[in-house]
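Please work from the sequences and hints to get the whole structure.
Chains A and B are the protein sequences, given in the same order. For the record, in the first sequence the residue sitting at position 159 is 158 according to numbering that gives the first Met the number 0, with numbers rising by one throughout. For the record, in the second sequence the residue sitting at position 54 is 53 according to numbering that gives the first Met the number 0, with numbers rising by one throughout.
Worth double-checking, as some hints may not be accurate.
[Said to hold, decoys possible] Below, in silico cross-link-like pairs of lysine to any residue (SDA-like), each with a Cα-Cα straight-line distance of 20 Å or less:
hint, chain 1, residue 1, chain 2, residue 2
1, A, Lys378, A, Ala426
2, A, Lys139, B, Trp43
3, B, Lys34, A, Arg171
4, B, Lys30, A, Lys378
5, A, Lys191, B, His13
[What the hints assert, rightly or not] Derived Cβ-Cβ restraints for the label pairs, each shown as a range:
hint, chain 1, residue 1, chain 2, residue 2, range
6, B, Pro14, A, Asp335, 51 to 57 Å
7, B, Glu62, A, Trp233, 54 to 60 Å
8, A, Leu384, B, Ala122, 34 to 40 Å
None of these hints come from the bench; they were simulated from the model. Note that beta-carbon positions come from the ideal geometry of N, C-alpha and C, so glycine has one too.
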Amino acid sequence: MGYPHPPHPRETVVLSQYFGDAEARTFDGWVKRGGYQALKKALAMTPDAIIEELKASGLRGRGGAGFPTGLKWSFMPKNDGKPHYLVCNADESEPGTFKDREIMRWTPHQLIEGCAIGAYAIGAERCYIYIRGEFTEPWKVMTAAVEEAYAKGALGGNVFGTGKRIDIVLHRGAGAYICGEETAMMNSIEGKRGNPRIKPPFPAQAGLFGMPTTINNVETLSTSSHILNRGAAWYKALCLSNPKSTGTKLFSVCGHVMRPGNYELTMGFPMKDLIHDLAGGMRPGRRLKAVIPGGSSVPIMTAEEAEGALCDYEGIVEKGSMLGSAGFIVMDDSTDIVYELRRLAKFYAHEPCAPCPTCREGTAWTTKIIQRSQRDQGKKEDLDLLLDLSDQMTGRTICVLSDSCAAPIVSGIKKFPEEFEAYLSRAKAPALAAV
Amino acid sequence: MTGSTHAHADAPHHPVFVGKVREQLDALFPKYPTKQACLLPALWMVQEARGWISPAAIAEVAEVLGLTPAYVRGVATFYTMYHLHPVGRHFIQVCGTSPCHLCGSDEVLKAILGATGCGELGATSADGRFTVVEVECLGACGFATPVLIDDDFHDSVTPERVAGILARYP
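Written out as structure tokens, the structure reads:
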């Protein structure tokens, strides 16, 4: 449902069915709504059978990369005698994205069940759920739900009497966007600075505490219970366009729309309808100008590109951007694109972990160069300088934070050059005071 | 953080990890294969108990986890939510990243800075009641502008609602 709005008839409600329903937060309430059936079913299956079911469903990671979940789980070594770990990434910090927050706030047991299924499938007895420090309410709801799940035997040393052990530990972040990167997250759990690690080794070989580890997003894990309950064929059939993008997905819509919120849609849904129909369209008298669809770390789309795109992994790539974590930042024609991109660059300049100079310096310089154009201190060659800088920031660092800053900037310059030129030619009054 | 004792920078250090807090920490150890992994939770415990994390508290955390104070400080400075100097009784975090910015977060921030008497970002009001900071993305973009006061999340805050919300934080 488009919480906080009533569900729209064009939504396909699976994950979000009980958003806004307080009783669903309790163990008994969740069981009454069909909860924990999937976990019981999973524990009676072999891990391989679960992985095959996930593979057949076509589920891809919902955290941004879109990597096939079943395949990721299959990378975990078998019978290696080492402890395995599952890490659930609940560090949702990508500007524009606010879906995992709702899953945790309203349906904590949906996530716990998904984590337990995932842990069992990869041979892990322990799952760490890394919740960003700012998520105080989801933290409280999850803490209460985990305690209840232990008390009811859904977690612990003898899950539902099967003799199997699955523990869930909640780990609170403390303010660092970079900890949403999977290897930085592992360092953070280990009690270190959240610096990403060089890959290889990949987490499935040497991850958390040096042991085989799988990291999945909240939405991905939460989906697994529905696939086990209703079957891979059902999930795979939820597809309006490209067969490589299956199932439903929570799309967060924010910015200049009348009804911001989360909308659960079948993959391949037209973006035009999502923005103008479900999310209520622009404010009266305003027209759509641009959309950054993947959270902020992807190329910006013009109104024409956005209105012609289908909401799935391939459909958005076709129109020059990426689905990412599906947080749509919508901008109407009152938006100063240069000003907003500067604000975004400032975000990226705030978040580097520091070891890679390209990122640490590049994000700061990007911000400063855009800033000076708005202070009436820009130079004609600044656009070329920004493009050159962005090029150097792409593909040259340990993780992709630097690339994430470059993507919206480069596309912004290419798609809205007149806005930058208006500042640089002094045709537009400075938006910022000179310093 | 609400209701915690807000010690001054020059006050003598009384150990945090005694009694109930020590029990809380001890209960965490079996959940991780190393003691070091309890560092982030331990820093949270200090901040909850004292309102901020003093150099003496850093040394205490290092002691209980078998780490060095320099290492603990290195980790603590990495994360923006740990207060390494005293802050006001109520700590206010206002989101200002692009999605909220599009929806008028600048005006909300201005209203909060004015109403609290803090005047500027990072400053504590003269009565010690508030400290206000602008933060990057609180993860509630559809509920612009979100404001986190201590552990309470206020969504869809507008300049008009500011005075009413602040009145709840004496």
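For each hint, the structure was consulted:
1. Distance check on the hinted pair: Lys378 of chain A and Ala426 of chain A sit about 13 Å apart at the alpha-carbon level, within 20 Å; holds.
2. Taking the CA atoms of Lys139 of chain A and Trp43 of chain B, the gap is near 15 Å; set against the 20 Å cutoff, the hint holds.
3. Our distance criterion of 20 Å between C-alpha atoms is met by Lys34 of chain B and Arg171 of chain A, whose separation comes to about 16 Å.
4. Straight-line distance between C-alpha atoms of Lys30 of chain B and Lys378 of chain A comes to about 56 Å, which puts the hinted pair past the 20 Å bound.
5. A C-alpha spacing of about 26 Å is found between Lys191 of chain A and His13 of chain B, which places the hinted pair above 20 Å, so the restraint is violated.
6. With their beta carbons about 53 Å apart, Pro14 of chain B and Asp335 of chain A fall inside the hinted range of 51 to 57 Å.
7. The supplied range of 54 to 60 Å is met by Glu62 of chain B and Trp233 of chain A, whose beta-carbon atoms lie about 56 Å from each other.
8. Between Leu384 of chain A and Ala122 of chain B the C-beta distance comes to about 35 Å, which sits within the given range of 34 to 40 Å.
In the structure shown, a violation is registered for the earlier hints numbered 4, 5, in ascending order.
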